[in-house]
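Asker: If you read the sequence shown in full-length UniProt numbering, its first letter stands for residue 1, the second for the next number, and so on.
These are computed hints drawn from the structure, not numbers from a lab.
Here are the simulated lysine-lysine pairs, DSSO-like style, with alpha carbons at most 30 angstroms apart:
id	residue 1	residue 2
1	LYS97	LYS9
2	LYS97	LYS143
3	LYS97	LYS55
4	LYS55	LYS9
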Amino acid sequence: MPRLTDARKELRRAQIAEAAVRCFGRSGLERTSIADITAESGLSAGSIYVHYRNKAELVQAAARAALAERAAIIGEWTAGDTPPHPDELPARLVAGKDPAAARVAVQTWGEATTDPAIRAIVVDMIDELRAMLHDCVVAWLVKVEHHEPAEAGRLATPIAERVTALYLAELLRVALHPPAEGTPS
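Start from the sequences, fold in the hints, and give me the full structure.
Answerer: Given below as structure tokens:
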């Protein structure tokens, strides 16, 4: 049997995680089985278990992929000459967000209330998001509002807390009320 290269392993892991997100978005975390993910991905159950030990690992992979996507966007804003105003960040972060992915996020939050492994994932993801938003707000305060970096760091903390909370609320809105076809989110 040929060995998978690292690149091929990562592609396979992404294929499985994407199939899991589609299943979670359609049926929910609780009602989605590994058999559902197997059918959706077109792979064997054995192949799924080679890459992920259980459903919690798939949830974590999906959360990491979503965070990486947001991190890339926030990183571009932070590095830019004119980072967006903090009040714009929540709406910008959900712009074009797939409602199925938003539903998976909300379902994951629900699972986090009773499953310690999922709770750890959610807390970690929100903490990482808050830190990235903090950096973006600091960049805005320094580059646009012309604050000193130390003062900007201090001022950014409560703003990043508020932006994080508003983003999570916007994500819930997208999950519950997805935009109609052809309309901007």
